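Student: Anchor point for the sequence shown: position 90 equals 90 in the UniProt record's numbering, and the numbering is continuous, going up by one each time.
By construction, these hints were calculated from the structure, which means they are not laboratory data. Watch out, some of these pointers could steer you wrong.
[As the list claims (entries may be wrong)] Derived Cβ-Cβ restraints for the label pairs, each shown as a range:
#1 L31 to S95: 39 to 45 Å
#2 K16 to G77: 17 to 23 Å
#3 W58 to A3: 18 to 24 Å
Computed from a predicted structure; not experimentally measured. Backbone N, C-alpha and C define an ideal beta-carbon position, used for all residues, glycine too.
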Amino acid sequence: MSACNSITDDYCVAQKTAFGDTDEFETLGGLAQLSEAFEAGMVLVLSLLDDYTVDMLWLDSDYPTDESASDPVVARGPCSTSSGVPAIVESEYLSSNVIYSNIKYGDIGTTY
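All chains should be modelled from the sequences, with the hints used to inform the complete structure.
Tutor: Rendered as structure tokens:
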């Protein structure tokens, strides 16, 4: 996958190909469909969750864990592959909470 500095339909197809994922984005209409959805209106939803399927490894660890971490598709971040286990997270961080504030939206570079 070549370097890029913006999200385009071509980038999304390349990303799905590189990660071996099903290209549902293109099948469902790509950026044109996403633009239509934005124009219709959306609600921003933020949440905290525990991932009982793969312990959030897909986000910031080596995933899939049975593949080589030397593959950039696998090396997704610095967290240990033993991190994120819901039973541990829930017992050690029982009172976890978050406050979302000062959320801004707009064109890139305009929300200082």
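Student: Hint numbers the structure violates, sorted upward?
Tutor: none
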